[in-house]
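**Q** Here's the letter readout for the chains.
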Amino acid sequence: MSIIVFVEDWNNQYKKASFEAVSYAKSWATEAGTTVTAVTSNGATDPSTLATFGADRILTIALNATPFGMAQQLATMAEGATGMVIAGTSLGRSIAPALAALAGGALSTNTTSVPSSVSPVVVERGAFSSKGIETIALSGGIPIVSFVPNSVGIHERAGEGTVESGEATGTDLMTITEKTIASGKVALPEAEVVVSAGRGLKGPEHWGMIEELASVLGAATACSKPVSDIGWRPHSEHVGQTGIQVNPNLYIAIGISGAIQHLAGVSASKTIVVVNTDAEAPFFKAADYGIVGDAFEVVPQLVNAMRAFKAGQ
Amino acid sequence: MNLLVCISHVPDTTAKINFDAAGKALDATGVQFVINPYDEFSLTKALHLKEAHGGSITVLNVGGPETEPTLRKALAIGADQAIRINATPTDAITVAKELKNHISANTYDLILCGQESIDYNGQQVPAMLGALLNLPFVNACVDLTIDGSSANATGEIDGGHATYSGSLPLVVGGKKGLVEEKDLRIPNMRGIMTARSKPLQVLEASESDTATQAIKFVKPAGKSSVKLVDSVDELVHLLHNEAKAI
Ligand SMILES: Cc1cc2nc3c(=O)[nH]c(=O)nc-3n(C[C@H](O)[C@H](O)[C@H](O)COP(=O)(O)OP(=O)(O)OC[C@H]3O[C@@H](n4cnc5c(N)ncnc54)[C@H](O)[C@@H]3O)c2cc1C
Ligand SMILES: Nc1ncnc2c1ncn2[C@@H]1O[C@H](COP(=O)(O)O)[C@@H](O)[C@H]1O
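These protein sequence lines map, in sequence, to chains A and B. Using our numbering, read the first sequence as starting at 1 and increasing by one per residue. Using our numbering, read the second sequence as starting at 314 and increasing by one per residue.
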């Protein structure tokens, strides 16, 4: 009768989105008058830290390798649960629908709020690529929520949780033959700050200053679609309606015009800064702050100003 | 190879989105509908696989009669036959169950979906379908090679890629990278002519249970007007003190 939250780790360390997931589960559990059970890999370094975000019981299991295997494991725990929570990381987005299908769940993905009511569970979610907000009721099965990382926040609480090891079976239908992760980079979907650039930069050789700004800010880098289509930047950086949808606290757009398809993937950002030579660029209409100016002058200045600011912190 | 491409019918990416007065549904007035952009990559991949391995491509949509022009467009691009399961999709699990019923009664080697429909942004149907069929599924698939009855599929994961290997049938949720943008095909005159005589079969729906209900839709609050600044120092100051973004 608990809220079950899946807690993802990366190389045995918890991701920020995992703490947010436990925080999410705790606010739901408090409304529903129940407890939080966090399910996590038995390889993770410090499961007891999950208690500080609201986990009452922490269950460590030998986690399967593939999303489907993990979904099967979680499905074995679904019976009698009040609800389930999974962060909408790329792993979470593969697990949640499979879990819903296996456990007879009612699933909301792309969720941007904690439940406004718990019986039935009612949440808000992004639809039409941020051009709409849907309020949805999860009534036809065990409610499962997958939320957009960085949308509901992390909340620490005083609390104690018990750590115990458990078992759950699942079957991996495929084997992983290769896994590559760019090291030292901030993953785009989870990033709190995103520095993004477009065709206004004229060529891939000019991305050095973008990467520098990103590194000063601890940000992820992103780009507009044409920039990845012509191969200036990898596909995985393409944001927008047909690319990655981001939800950072701060989105800095440099030399991007602000086409409707680009805005659809970034307009959920809390604060938007635009740097563009053209004062008429549509992006200024969607921005909070703007500098009308040449990226080749403004960005190096901004790098220095941000560096000075960070040094003074 | 028997290839199935699941197609969803969605508002064009440039569409202005409005909801009806009650906020219950999309107001489709003046909205142009297209093949979901992610599904275009999967359809093109199916064409490449057919060219390399032979076989036939079926495109399938769960939807009302209004989706038929979208299926015809897929036929004009090169699919061999189309099926429409006649239902108004209410949620992902209903769609996934309809697809599952059809797939279980037929033989497909590969089921290509898009990563996500750009209307409800569910990113649910393909993984549900894999689970219902007990078939392997790879999301955000950016590379796929088939060798006899086995497959290697690469999916994007946060900050990188993972390659999975397994045997067919397989379900993928495709996106740009599965084929390149420049490989996408637009229907030519001959394609449009031949599409008219290709079969488009309508099947009756068999599922009705839904798990979720849309209560209302609203548009997000717009931004107040932009604050233009002259210097980067002023910007840093505002981002720190006003927006609390740094
Ligand atoms: C089906 C479909 C889906 C799409 N999906 C996406 C998507 O997901 N994401 C996406 O981004 N796009 C998408 N697009 C493309 C979109 O319509 C635009 O073409 C694209 O976003 C434009 O990219 P851009 O702003 O980098 O380039 P441009 O439109 O060429 O704009 C460059 C901007 O840089 C400015 N500039 C030039 N020089 C400088 C300088 N020195 N300093 C500062 N500014 C400068 C210019 O004033 C201009 O505003 C999609 C299009 C279609 C048809
Ligand atoms: N009504 C539908 N008919 C056929 N395929 C669909 C339908 N809805 C979704 N799909 C497939 O599932 C993918 C992901 O959709 P979704 O889960 O709705 O985001 C789409 O790209 C399609 O390939």
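It is possible that part of the hints are untrue.
Here are the simulated lysine-lysine pairs, PhoX-like style, with alpha carbons at most 20 Å apart [stated by the list, open to error]:
| hint | chain 1 | residue 1 | chain 2 | residue 2 |
| --- | --- | --- | --- | --- |
| 1 | B | Lys329 | B | Lys536 |
| 2 | A | Lys270 | B | Lys363 |
| 3 | A | Lys285 | B | Lys337 |
| 4 | A | Lys310 | B | Lys536 |
Chain A residues, not near chain B, derived (Cβ > 10 Å throughout) [claimed, not checked]:
| hint | residue |
| --- | --- |
| 5 | Ala32 |
| 6 | Ala106 |
| 7 | Val118 |
| 8 | Ser215 |
Source of the hints: derived by calculation from the structure; they are not laboratory data. Yeah, the Cβ is synthetic: ideal placement off N, Cα and C, and Gly gets one too.
**Q** Now, for every hint given, state plainly whether the structure supports it.
**A** To see whether the hints hold, each was checked on the structure:
1. Distance hint between Lys329 (chain B) and Lys536 (chain B) is fulfilled; the C-alpha atoms sit about 17 Å from each other, no more than 20 Å.
2. Under the criterion of a C-alpha separation no larger than 20 Å, the hint pairing Lys270 (chain A) with Lys363 (chain B) is inconsistent with the structure, at around 45 Å.
3. Using a Cα cut-off of 20 Å, the hinted pair Lys285 (chain A) and Lys337 (chain B) is violated, with the two alpha carbons roughly 28 Å apart.
4. A C-alpha spacing of about 28 Å is found between Lys310 (chain A) and Lys536 (chain B), which places the hinted pair above 20 Å, so the restraint is violated.
5. Every beta carbon of chain B lies more than 10 Å from that of Ala32 (chain A), the smallest distance being close to 18 Å; the non-interface claim holds.
6. The non-interface label for Ala106 (chain A) is inconsistent with chain B: the shortest C-beta to C-beta separation is roughly 4 Å, within 10 Å.
7. The claim that Val118 (chain A) lies off the interface holds: its Cβ sits roughly 15 Å from the closest Cβ of chain B, which is beyond the 10 Å cut-off.
8. With a minimum CB-CB distance of about 14 Å to chain B, Ser215 (chain A) clears the 10 Å threshold, and the non-interface call stands.
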